[in-house]
Every structure is written in structure tokens, then in C-alpha cells.
Amino acid sequence: MTTILPRKDVVIVGLGWTGSILAHELTDQGLDVLAIERGPWRDTATDFNIGYAQDELRYSVRRDLFLQPAVETLTMRNDPSQTALPMRDFGSFLLGNGVGGAGVHWNGHTWRFWDSDFQIKTNLTKRYGAARIADLQVEDWGVTGAEMEPYYDQFEYLAGISGKAGNIKGQLQEGGNPFEDPRSRDYPNPPMEMTYAPTLFANAGRSMGLHPFPTPSANMSRTYVNPLGITMGQCTYCGFCERFGCANYSKSSAQTTILPVLMKKANFEVRTDSEVLHVDLAAGGKSARGVTYVDTSGQEFFQPADLVLLCAYGLHNARLMMLSGIGRIYDPATGEGTVGRNYCYQTNAGVQVFFDDKNFNPFIAAGALGQTIDDYNGDAFDHGGLDFVGGAGINCIPTNGRPIGTRPTLPGTPKWGSAWKKATVAGYKSTLGFSSQGSSSATRTNYLDLDPTYKDRFGRPLMRMTFDFPDNDIRMSNYLCDRMEEIAKTLGGKQYNVGRRKKGWDSVPYQSTHNTGGAIMGTDPKRSAVNTFLQSWDVPNVFVIGASAFPQNAGKNPTGTVGALAYRAADGIRNHYLRNPGAPLVQA
Amino acid sequence: MFTVTATSASFARSLSGSLPWAPLSSDPPMQVVSGGWQFFTPQEAALVEAIVDRLVPADDLSMGGKEAGCAVYIDRQLTGAFGTSSRLYTKGPFLPGLPTQGYQGEANPAQRYRIGLAAIDAFLKQRDGKTFAELQPADQDAFLTAMEAGKVDLPNGVKGPGFFGLLLQNTMEGFFADPVYGGNKDMVSWRMLGFPGARYDYRDHVSKHNQPYPRPPVSIEGSPEWLVKRS
Ligand SMILES: Cc1cc2nc3c(=O)[nH]c(=O)nc-3n(C[C@H](O)[C@H](O)[C@H](O)COP(=O)(O)OP(=O)(O)OC[C@H]3O[C@@H](n4cnc5c(N)ncnc54)[C@H](O)[C@@H]3O)c2cc1C
Ligand code: SF4
Chain D
1 MTTILPRKDV VIVGLGWTGS ILAHELTDQG LDVLAIERGP WRDTATDFNI GYAQDELRYS
61 VRRDLFLQPA VETLTMRNDP SQTALPMRDF GSFLLGNGVG GAGVHWNGHT WRFWDSDFQI
121 KTNLTKRYGA ARIADLQVED WGVTGAEMEP YYDQFEYLAG ISGKAGNIKG QLQEGGNPFE
181 DPRSRDYPNP PMEMTYAPTL FANAGRSMGL HPFPTPSANM SRTYVNPLGI TMGQCTYCGF
241 CERFGCANYS KSSAQTTILP VLMKKANFEV RTDSEVLHVD LAAGGKSARG VTYVDTSGQE
301 FFQPADLVLL CAYGLHNARL MMLSGIGRIY DPATGEGTVG RNYCYQTNAG VQVFFDDKNF
361 NPFIAAGALG QTIDDYNGDA FDHGGLDFVG GAGINCIPTN GRPIGTRPTL PGTPKWGSAW
421 KKATVAGYKS TLGFSSQGSS SATRTNYLDL DPTYKDRFGR PLMRMTFDFP DNDIRMSNYL
481 CDRMEEIAKT LGGKQYNVGR RKKGWDSVPY QSTHNTGGAI MGTDPKRSAV NTFLQSWDVP
541 NVFVIGASAF PQNAGKNPTG TVGALAYRAA DGIRNHYLRN PGAPLVQA
Chain W
1 MFTVTATSAS FARSLSGSLP WAPLSSDPPM QVVSGGWQFF TPQEAALVEA IVDRLVPADD
61 LSMGGKEAGC AVYIDRQLTG AFGTSSRLYT KGPFLPGLPT QGYQGEANPA QRYRIGLAAI
121 DAFLKQRDGK TFAELQPADQ DAFLTAMEAG KVDLPNGVKG PGFFGLLLQN TMEGFFADPV
181 YGGNKDMVSW RMLGFPGARY DYRDHVSKHN QPYPRPPVSI EGSPEWLVKR S
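These protein sequence lines are chains D and W, in that order. Position 156 of the first sequence, counted from 1, bears residue number 156 in the working numbering, the numbering being contiguous throughout. Position 224 of the second sequence, counted from 1, bears residue number 224 in the working numbering, the numbering being contiguous throughout.
Hints are supplied without guarantee of correctness; some may be wrong.
Unchecked claim - List of simulated lysine to aspartate or glutamate pairs, EDC-like, C-alpha gap at most 16 Å:
1) Lys415(D) to Glu148(W)
2) Lys91(W) to Glu193(D)
3) Lys415(D) to Asp141(W)
4) Lys91(W) to Asp456(D)
5) Lys208(W) to Asp89(D)
Stated by the list, open to error - Only some residues are given here: those of chain W computed to face chain D with a beta carbon under 10 Å:
6) Gly17
7) Thr41
8) Gly174
9) Arg203
10) Ser207
Unchecked claim - FRET-style restraints, in silico, Cβ to Cβ:
11) Ser34(W) to Leu5(D): 47 to 55 Å
12) Asp60(W) to Tyr510(D): 39 to 47 Å
13) Gln171(D) to Pro23(W): 50 to 58 Å
14) Gly80(W) to Tyr510(D): 18 to 26 Å
15) Ser34(W) to Asp571(D): 52 to 60 Å
Just so you know, these hints were derived from the structure itself, not from any lab. Glycine included, each C-beta is placed from N, C-alpha and C at the ideal position.
My request is simple: use the sequences and hints to build the entire structure.
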């Protein structure tokens, strides 16, 4: 029996980064907002407790804060000819669960995409000709860098990003990223204090004529009061950041930047440990009536609402659309359907440089503390004589020295025994690592749909992920590895090791929780699932907010852009949609 | 059936009007108390202790894995969520997968230990007429090396490299995890590496590049209150 509840103006599915931003914006507008969150309530003092937050086994290895595969997983395969099997444990990416979402346990690298990323198809076609991208399913986003700038600014000030501007209103700034688009003002906080490894990396890069700059960080370089009046503390460089909640109120997340204000509002409510099963559509399928969810007792509820916002993380947004019949599921054979189309990831590779005479104190670290070189990112460099498009940020961001997971040793070291132990002790403090975080191009056969065999705990199909690294991206990554090798040589050291990216995406070792696409934005309803305000083309009182909207991924972490898109959607709803509720904001 | 959360169960609730907070609502880890075995039989325990002592041998860098408590750590892990795979996706059908698809077996870690340890015992009894613990260290190492490389045919369909990988992974977890979980006695591995453990504030040392960190490690154990589970 489904219990029918009193209606709300807005129901938000998921109270992570985007859900919290939208909840705050729409309650400010005076709307009655309900968020339904699958996981538990979480807050700093109780759940990221300073007495035991620094527990590597519990949080990093057993991943206490993450979504458990028993609750929901995906099936995966590398190409459509294979049989997809369930990820029985998560590995390559780790999804969030509970209030704050993945924002609780992210690192906090907070990037802006560039105009050349947003207008990528137009730009690449103009610069290199259409033939260069013929194998790929490259799409423009339908927005420009200049249109996105105010939303980025809003997110960066909310989150107190620590960094150094490279370009303020067209004026290049010494020490910042010279390749970034113009920004209206500097970051709200100065860069973090640098540790030793990124300092050496930056020196090496500079001596080669490259342009290193401090990575923009959501770890606070100093005490900060955000525009909502919420105070954050200075980061203590504790080295338990990614996969952990911050016990110091120093890492921006919904908990540290929004919830203390949002939770006090009378027109906001969150229901935790409650999983939305699907969006209910009115007859004809052109508008949503509300959502159905189930709580921990197994009781099912129908929650009517005028406006439904999917803020459940990109992958979950796509699956909820599929399970609700919002839009048509993509079919790679015909190229028709938009939900599940253009799933992309991140194309990473890494380098280690081994020294004898250096002590990097790897445990003195923060999630986003380091230096980046963007000379080979996106379209910052000329691809004229090259055989690929895209690029990567080269990052030296040593995030931790936690010993279960971080024990670099020289290649060829045995995995156990006395020789292993000796090499482990020798490598622990004296190894410098850096990596390329590469773009990910969309192709026809990398996509999401529903699995024909495997079911979730409610008996509904799991989502199926079909993904491998496109040849273009492997060529890009190899080019970046060659550039990284040059940096490794400049750094000196007794030996270095380049870990190149190979075909055959492996779902087991952790790579990145930057899953993009599946409900992409654009200007053509045949090739995108949402318009440029993230409003569903098919069901206009549903907005789908998250990295699901990225038509492809850049060589940068997604959340700066996810946050900016959340503000853009909020702007669209507050200033346009509410004047004429239920109507599309953009005519196809 | 609907509650699969982190460490403790949580229940659906509605929150509005203020940040919810209640005293004693934190969820500290339970300290492993050594002594006795909760999962292993005495025979299994002897085998595991002998194996962890070869994976992490006693030498001038540290005590061995047995003394450090790695076997106790594994024993306790196997009685919990890890041993039973209660957080993982365990629905069938179980099909052989590609390496990129990860572990696709039906057996959980507890079952894999039970079957795997018995297979090692049976194999050595047949080959050498001895248990693993009775072999010379060099012969123990030779056996483990062969098992790691898939060069021993263990009975009952046990795949050597897969089970070896599980043993190695869990031994290293026990050796390097916080001592609260039963291994890493006296923070031995942290002292060996120079990892300061659960310290949480390095602001005074960030800019002291290339200089050794002066303080000894600390663990999250040690507060007697943590042994009292909240009601
Ligand atoms: C380990 C890790 C490191 C990361 N590091 C970085 C980084 O350095 N830089 C960066 O830019 N990004 C990083 N990310 C990514 C970043 O965390 C995400 O981009 C961001 O949190 C996305 O925001 P979101 O609102 O879309 O999703 P989330 O913040 O994950 O929120 C989604 C919420 O929806 C809930 N939900 C899902 N399904 C349902 C349902 N059916 N019913 C009800 N609720 C549901 C979830 O429980 C979750 O709370 C990292 C992620 C991880 C996991
Ligand atoms: S490194 Fe800084 S921001 Fe990250 S968890 Fe530690 S104190 Fe918090």
C-alpha cells in the first residue's frame, strides 16, 4: 500500500552538493521544498568526529561513508559485444550516500571549464576540420564560458575556494593559470601553503617554460565566512581528506557551506534514509506528478509535487529517468534516444619519481593541495600536427601518506617478505608522484542503459555501463605521458616510472568518481536530454542537475562546473520558470 | 532488509527547522580485544599466523606479522561485514567475468578463507606430510611464491593467486591499519615508516620542507569511553 502525502511545491531527489544548492535557492524564493535522501543524516561533530575520523581502514578501505553495492550497483562491460556483469564491489569509482552526497568525501579540486570546452564542437571543427572528430560524438553544451562565469563565481564564493586567479577581466595575473578564461574577480581565499613535492614539481615545470600554478582547492587556506554567513576553519593538512569527512569544518561540502542555514528554514524539510524509486508521470507522460519513495521500514509513499529536481548524482539521475520513462533510452545501433547517451569518464595516467635524498613527509597533505600545469589541457595547445583532440591537466597533488593504500616502491619490488619491507620503508617518504587527468570524449558505443539480467533489491533492473577508453583518448594520454616523462627527467631522482593508460577500462582499481553524461544538455532535443537550464525536454517540470548534463568531460574535475550548472538551473527556475510553471524555458 | 548503511543502522526520519544533534550520537569503532579466535579454528589460526609471519617477516625493521596481530585482525574482520560481504552485491547469476569486471565468485571472504586454508593444509599434507607451520621458512616462502604465481594445484577448485591475493591484502591491512583493529601492535608499522598516525594538525610543519617530522605516532584507540557502546 502506498501512502499519499500532502503536496509540496518542490521535491528534490538527493541532498548532496546540487540538491543543497537548489534547496537553498528555492526556499529563498519562498517555495515549500522537500528533499528526499537515500542515505542517513550526516554532520561534522557526530559523523566526521575528530576522535576517530582518521581511520584509514574504516573510511578508505571499507568505505563507510559511501554507497554500498548491496543498495545499488551497476553492471559493466567494455563494449556492446560483451555480457555486462555487476560490479559486486565498487572500485574504479565510489559513489556518495547520505546527506552531503559525494561532496562529503571529495578532495576538493575545484575547476572551471573553458569556453573552448563548452563550444568544443564549434571550436574543434573550426580549428582542425570536421574530419578530426568524425569518430567521436562531440557536442557543444549550448552555453558559453562568459555565460557560465557568474555561476562559477557564485559557487566558488559559496565554497570558499583557495586559489590564485590567472586572468581577471582579461588581465593576466602572475602566478595563476594563464590559460583560464577571464574571471570577474580573484578566488575568495589565497592558495594553500605548499608542501615540498608540489614545490619541486612547480620549479621543474617553470624551468621548462611551463606554467605551474596552485590547484584551486576547496580545503580552506584560512578561516572563511561564506556569503550565507557560515564560518569554515583553516585546513590543518591532516592527510585524511578524500574518502573522509573533514572533522575541522575546513573542506567545503553541503555540511560546511549550506546546511546550517538551510536546516533552520521553516519551508525546508529533508527525509533521510528514504530512497526515491521513480518519478510519477501524469497520463500522456508530459508532466511529473511527484515521486514514489520507500523508507527504512519498507513503507512506500507517493509524494506529490509541482516541480521535481533530480539531484541524485549523474549516474543515478540517468537511471531514475530510465526507470521513470522520462525521455527515451539511447540505442547505439540507431543513435536514437537521449537518456544514457554520451557517457564519459576521465583518462588518467601517472608518474612516480624515486629519490634517495628527499623526505616529502607524504602524510602532511590535503585533498586539493598541490600544483597544476595546464599547458597541455583542453585546447590550450595547438593540435594541428597531432592525431588527437583533448588534453589533460598535469597535477602534483599528493593527497596523503596513509599506509594501507600509499606505499610506493620501485618497479620490480616483491609484494611481501623482507625485500618488500625494505623497499617499502625506502620508498615511503622519498617518492614524488604526479599525474595527468585527461579529457574523455564521447563515442557512439560508450553509453548507459538498463541491464537485461541483474536487478536491484527491489527487483528493478540495474543500470548497465558500456565503456572503454576511445582510441583518441589513448593517443592523447600517451602524448601527455611523454610530456610528463620530460618533467620527470627534469626533476632528477634516481629512477622514474610512467604508468600509461591502456585500452580495456578496468572497473577494479580506483581511478576517478567523475562520471559524466547520460542526460546531456544541449540545444537539440534529438541529441540532448535537457536544455541549457537542465530542464527535461520531455517532461518540463523535471530538472536533471549534475554531471549527467556534461556532453563530454574535460581534463578537469567536474564539481566546479556541476555547482555552476546548479546555480544556472536555480536561476532559470527562479527568474523564468516560475513565471510560467510547467512550460519549457527554451523552445526546441 | 531496507537498511544497509554504514556501521550502525539508521532509520528514516524527517528533519526540519534546526540542525539535528543529540549527545553521544557519534559512532566510534569498537576496539578489538585480543585473546581467542572468533572465526578461525585453532588449526586455521596456526596456519594463518605462520603465513602472515612470512608475508611480514620479523627482521631488523619490525616484528613479524604474527606478533603484530595480523591474524587476530583477519579473524575479527571475517566475523563482520567484510567476511560476509553484507555490503556487496551478492545476487546471481554468477558468471565467469573478464578481469576488468572484478571478482565474480559466489563465495564471500569468510567462505574463501575456510575453503582456501583447508586446501593449503590438504595440499601440503599430501605433498610433504607436514603442515605449513612445520616447514622451514625457505620452504614456506617457496610454497607461497608458487601459490602467488598459480603454480600449485590446490584441491577443491581453490585458485591459488586469488586466495593468495586475499591473504596478502588482509595481512597488509592488519599490519598498517590503526591498532584498534587488532593488528599493528604498538603502531609498529607506523614507527617503521615514520607515519604519525591519527595526528590531525600539521600546520606547524607544512613549510619545513625535507625535514623529518619530529613527533611519534598516535592511534585513535586509548579512550576508555570508546569501549562503552552507546545505548
Ligand atoms: C572520492 C571522491 C573524490 C572526489 N574528488 C573530487 C574533486 O577533487 N573535485 C571534484 O570536482 N569532484 C570530486 N568528486 C566528485 C564530486 O563529489 C561530485 O561531482 C559531486 O558531489 C556531485 O554532486 P551531486 O549533487 O551531483 O551528487 P552528490 O553530491 O553525490 O549527491 C547526490 C545525493 O543523491 C542521493 N541519492 C542518490 N540516489 C537517490 C535516490 N534514488 N533517492 C534519494 N536520494 C538519492 C545520494 O545518496 C547523494 O546524497 C569526488 C568524488 C569522490 C567520490
Ligand atoms: S586535509 Fe584539510 S580539508 Fe581535508 S579533511 Fe584534513 S583538515 Fe579537512
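Verification of the hints:
1. Lys415(D) to Glu148(W): The given pair, whose Cα atoms are some 10 Å apart, holds under the 16 Å limit.
2. Lys91(W) to Glu193(D): 48 Å, violated
3. Lys415(D) to Asp141(W): Holds: Lys415(D) and Asp141(W) sit about 12 Å apart, inside 16 Å.
4. Lys91(W) to Asp456(D): 9 Å, holds
5. Lys208(W) to Asp89(D): Given that 16 Å is the threshold and the Cα spacing comes to 40 Å, the pair is violated.
6. Gly17: 6 Å, holds
7. Thr41: 24 Å, violated
8. Gly174: 9 Å, holds
9. Arg203: 6 Å, holds
10. Ser207: Since the shortest Cβ distance to chain D is 6 Å, the answer is holds.
11. Ser34(W) to Leu5(D): 47 to 55 Å: 51 Å, holds
12. Asp60(W) to Tyr510(D): 39 to 47 Å: At 34 Å between Cβs, range violated.
13. Gln171(D) to Pro23(W): 50 to 58 Å: 53 Å, holds
14. Gly80(W) to Tyr510(D): 18 to 26 Å: 22 Å, holds
15. Ser34(W) to Asp571(D): 52 to 60 Å: 59 Å, holds
Of the numbered hints given earlier, the model fails hints 2, 5, 7, 12; all others are met.
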